[in-house]
Amino acid sequence: MGSSTNKPELIVNGKRLDGRAFDELRPIKIEAGVLKNADGSAYLEWGKNKIFAAVYGPKEALPKHTGDPEKAVIKCRYSMAPFSSLEEHGRSGPNRRAIEISKVTKEVFENVIMSENFPGTEIDIFIEVVQSDGGTRAAGITAAAVALATSGIPMRDLPYAVSAGKIGEHVIIDLNKIEDNYSDADMPMAISPRTGNVLLLQMDGSLTRDEFKQAVEMVKKAGQTISRIQREALKAPYEKISNKYK
Amino acid sequence: MQSVNSIKSAYIKEMLNNGVRSGRGFMDYREISILTGIIPNAEGSAEVNLGSTKVLAGVKLDLDEPMPDKPNEGNLVISAELLPLASADYDTGPPSPEAIELARVVDRGIRAAGIIDTESLFIEEGKVWSVFVDIYIMNYDGNLFDASTLAAVSALKTTRMPKYEDNNVIREGKLGKLKTKGIVTSCTYAKIGKSIVLDPDGDEESVMETRLTIANDDTYIRAMQKGLSGSFTQHEIEELVDTTFEKSKSLRSIINKLSD
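These protein sequence lines map, in sequence, to chains A and B. Sequence positions in the first sequence follow the numbering used here and run 40 to 285. Sequence positions in the second sequence follow the numbering used here and run 3 to 262.
Simulated from the structure, these hints should not be mistaken for laboratory data. No experiment lies behind these values; they were computed from the predicted model shown. Treat the hints with care, as some may be off.
As the list claims (entries may be wrong) - No farther apart than 30 Å at their CA atoms in a straight line, the calculated lysine-lysine pairs in the DSSO-like style are these: (1) A:Lys75 <-> B:Lys15; (2) B:Lys165 <-> A:Lys216; (3) A:Lys103 <-> B:Lys15.
Said to hold, decoys possible - Which chain B residues face chain A? A few, computed with CB under 7 Å, are given here: (4) Ala44; (5) Ser54; (6) Pro86; (7) Ser89; (8) Ala90; (9) Asp93; (10) Thr94; (11) Arg173.
Cβ coordinates follow ideal geometry from the N, Cα and C atoms, glycine included.
Please take these sequences and the hints and turn them into a complete structure.
Below, the structure is given as structure tokens:
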């Protein structure tokens, strides 16, 4: 959501600036297990976004007072590289935006991780955005879910996330950077696909009740594609091995 | 963990004493690969894989003010982050002394070798370009010094130069390259017991007593840094300088072959 001055035309001939239909996702590619030291990791390209996610743990909660005798504590750090945007060199270290995103991301995974299995421990989730083009929190959650699954930490579900939004009259899915800057609404959501439960919901802009319903439906439809790509990424390393012995 | 480390430590030392290093000679690098231009949003970028060590460097250029003591020169700012996703031993928070040492050693090599001509970054009075090089450690398996210098130099060598027109910075479209001169690389050695090895991996670094990094171009030594509490003899250092001039040839040729 940006100012409406100098607002570029975001929809031309019924198509979005990058040629997508209103309900079309950008291309998504996920590779699991890319970082050797991490207990689980994933690299994700979502349009021009490039994101690494890594998971460490469960391990002893430190400092000790942060631990919980009944369950694992989930910690999350979302951060954007200072060279990740086409604009100026960013400031390093998490800013207020990154700290909020880290918090809501952590809450998504607190819902699905079976943390009661690991009392007194912590599970660390790190999300590093090395190139950004809008929708990085959703992409980060989608990548982190794959990293967690790769680590073998038991989860009730494999959540996905994507943003819906609005340009003029049109409800659209998966806003890129320029759409995000000038859209009339932006609504990132994370969903647990097995139950359909909403694990993350943020929104700013303006949506009617009907537009809101339409946006949620669009998120769920896109979610089928995203979930499939996540599952394929998890299977790929094993398919490689089994193909070798065919 | 401590007991595992002492077993591993004894094993690595024993092997080296018997003249054996796992998988390579004492003065061999692990496999090196460099990819450039991987972050198109950045003006320059490179990913270096040195064995399992993975380092990403990104370059951004911004309009800035010159330093008061150098009014006709732009700025070069090199920083390094030991990202918590790179190792279970790295924490979140402000840069550790290790990260700062790493950035400063890489900086010294690049600055001393004159890779960037800071006078060419002058725009007009009170206005210069600042070149920011951010070194991101993505996976740790030893020898961050050499991997980071390779990543930073490769990223700078393939950096496009934004234009400054009518008070606007133009970062896209047809752009020239950032002016650079020469190539600097570094060779890092670890001393473990009586042995000295080039390009220590993570296990070797966990048992090394001391470390020496020598950065050079084709003519001069450009930067050196000895680390940790052990020591080298003068003779050892002289030999390592000779080895560095020999070994750096192949590192420079990797950078020379980079396409952009």
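When the structure is checked against the list of hints, which entries are broken? Sort them ascending. 3 and 9
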